[in-house]
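First to last, the sequence lines map onto chains D and A.
Taking the working numbering, the leading residue of the first sequence gets 1, the next gets one more, and so forth.
Taking the working numbering, the leading residue of the second sequence gets 1, the next gets one more, and so forth.
Hints in this document: simulated from the structure, not taken from any laboratory.
A virtual CB, placed ideally from N, CA and C, is assigned to each residue, including glycine.
Hints are supplied without guarantee of correctness; some may be wrong.
In silico DMTMM-like cross-links for lysine to aspartate or glutamate, where the CA-CA straight-line distance does not exceed 25 Å [claimed, not checked]:
no., chain 1, residue 1, chain 2, residue 2
1, D, K81, A, D125
2, D, K172, A, D125
3, A, K145, D, D152
Computed, partial: chain A to chain D, Cβ under 8 Å [stated by the list, open to error]:
no., residue
4, P21
5, F25
6, P49
7, A51
8, E53
9, L57
10, V63
11, R64
12, Y79
13, S119
14, G129
15, R140
16, L144
17, A149
Label pairs and their in silico Cβ distance ranges [what the hints assert, rightly or not]:
no., chain 1, residue 1, chain 2, residue 2, range
18, D, I8, A, Y75, 48 to 54 Å
19, A, M12, D, K161, 14 to 20 Å
20, D, G75, A, Q45, 50 to 56 Å
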Amino acid sequence: MAKKIPQINASSMADISFLLLIFFLVTTSMDVNQGLARRLPAPIPPDQKAEDKDINKRNLLVVKINSANQLMVQGELTDVKKLRERAKEFIKNEHNAEYYPKVYEEDFGGKIGIYKYTKDHVISVQNDVDTQYQAYLEVQNELVAAYNELRDELAHEKFHKSYNELDEEDQKLIQKVYPQKISEAEPKNYGGN
Amino acid sequence: MAKIRRNEKREMPALNTSSLPDIIFMLLFFFMSVTSMKEVSYKVQFKNPQATELTKLENKSLVRYIYVGTPTAEYRKQYGAETRIQLNDQFAEVNEIGEYIVNERSSMKESDQGLMTVSIKADKDTKMGVIADIKQELRRAYALKISYAATQRTSY
Numbered sequence: 001m002a003k004k005i006p007q008i009n010a011s012s013m014a015d016i017s018f019l020l021l022i023f024f025l026v027t028t029s030m031d032v033n034q035g036l037a038r039r040l041p042a043p044i045p046p047d048q049k050a051e052d053k054d055i056n057k058r059n060l061l062v063v064k065i066n067s068a069n070q071l072m073v074q075g076e077l078t079d080v081k082k083l084r085e086r087a088k089e090f091i092k093n094e095h096n097a098e099y100y101p102k103v104y105e106e107d108f109g110g111k112i113g114i115y116k117y118t119k120d121h122v123i124s125v126q127n128d129v130d131t132q133y134q135a136y137l138e139v140q141n142e143l144v145a146a147y148n149e150l151r152d153e154l155a156h157e158k159f160h161k162s163y164n165e166l167d168e169e170d171q172k173l174i175q176k177v178y179p180q181k182i183s184e185a186e187p188k189n190y191g192g193n
Numbered sequence: 001m002a003k004i005r006r007n008e009k010r011e012m013p014a015l016n017t018s019s020l021p022d023i024i025f026m027l028l029f030f031f032m033s034v035t036s037m038k039e040v041s042y043k044v045q046f047k048n049p050q051a052t053e054l055t056k057l058e059n060k061s062l063v064r065y066i067y068v069g070t071p072t073a074e075y076r077k078q079y080g081a082e083t084r085i086q087l088n089d090q091f092a093e094v095n096e097i098g099e100y101i102v103n104e105r106s107s108m109k110e111s112d113q114g115l116m117t118v119s120i121k122a123d124k125d126t127k128m129g130v131i132a133d134i135k136q137e138l139r140r141a142y143a144l145k146i147s148y149a150a151t152q153r154t155s156y
């Protein structure tokens, strides 16, 4: 006589897998890794002294943050929210002002063609040892934002697309017009402890 | 003529739920593959600063982390409440960063070594002196691609 094999009751399977699902939902963290990407300058070889580059005064935008997280741009106390506009003005120098960096005209080729840009501008960020990290990052963020906005504006003007939609080649071309030149000095103690 | 039937037994047919476990399993596997486990257990506590111009770190195997913050409650007795650096699973001093970077880099594939990114996960109240020291160490170790971990700011 053939024995009938009893069927296994699988109705609790759903409950078990539900439990597992909820466990994973609760324990795993969905945090995305994002951050402000920067590039550090290469180290100075030990046999070579750090040389002070002679930068023309008009080509330099000095941003200082003190230990109380106050911001000074070109010797003026400034709010962080105004820094972006200030940096954009400085980098672009649309009206060829003589207190902003010298404007050069160059043929970039491609769709950009001949375009005016400030070749030698440098933004120098100096901070105190006691500056808060958040304040420092805000300044960095605003400066990067200024570059991003300028690049985006140029992309819209020449390619009628936003910068992020362009292919790599065109992005490189725009980066040539607006290269990120943010230099960071060694932290010094500017007093005010 | 239509006849109204009464008292005729009409049971609701049982719903076939035999595919329910499969559906749930699919969901389970989706979540298992999508979510990221914490890389290490944190010995320091930190709150990310906020910023707007963020980029995503693409390839996780190329990213190494440096945590900066104050020790969590259970380690505070031992290490005090000063800002400390954590590499992998342990507390470290600033001068150990160079070695850490070199070790981590040599464990990567050769073609990936130049693409290594160091993500600095620091508390927003950290003093810049510590960060500057870390940056100098990273420069010396030729780990020039860095990323300041931050969360998206929604409003000023």
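Fill in: Hinted contact F25 (chain A) with chain D - closest CB pair below 8 Å
Check passed: Cβ of F25 (chain A) comes within 5 Å of chain D, closer than 8 Å.
Item to complete: With a cut-off of 25 Å on the C-alpha distance, tell me whether K81 (chain D) and D125 (chain A) pass.
Response: holds (20 Å)
Discussion item. Given the hint of 50 to 56 Å, is the C-beta distance from G75 (chain D) to Q45 (chain A) inside that range or not?
Written reply: violated (38 Å)
Worksheet item: Regarding the hint that Y79 (chain A) lies at the interface with chain D, is the smallest CB-CB distance below 8 Å?
Response: Where the cut-off is 8 Å and the nearest Cβ of chain D is about 20 Å from Y79 (chain A), the hint is violated.
Item to complete: Closer than 8 Å between Cβ atoms is the bar; does R64 (chain A) clear it against chain D? Give me holds or violated.
Response: With Cβ-Cβ at 12 Å, over 8 Å, it is violated.
Worksheet item: Taking the closest Cβ pair, is A149 (chain A) under 8 Å from chain D?
Response: Nearest chain D Cβ about 4 Å off; hint holds.
Worksheet item: With a cut-off of 8 Å, does the beta carbon of P21 (chain A) approach a beta carbon of chain D closely enough for the hint to hold?
Response: holds (4 Å)
Worksheet item: When you check the alpha-carbon spacing of K172 (chain D) and D125 (chain A), does it fall within 25 Å?
Response: violated (36 Å)
Worksheet item: Going by Cβ atoms only, is A51 (chain A) closer than 8 Å to chain D?
Response: holds (4 Å)
Worksheet entry | chain D contact restraint for L144 (chain A) - C-beta distance below 8 Å | Status holds, d = 4 Å.
Worksheet entry | Hint status (Cβ of P49 (chain A) to nearest Cβ of chain D, threshold 8 Å) | This hint holds: P49 (chain A) lies near chain D, its Cβ roughly 4 Å from the closest one there, short of 8 Å.
Discussion item. For the restraint on R140 (chain A), tell me whether the closest CB of chain D is nearer than 8 Å.
Written reply: Since chain D brings a Cβ to about 5 Å from R140 (chain A), closer than 8 Å, the hint holds.
Checked against the numbered hints above, the structure breaks hints 2, 11, 12, 19 and 20 and satisfies the rest.
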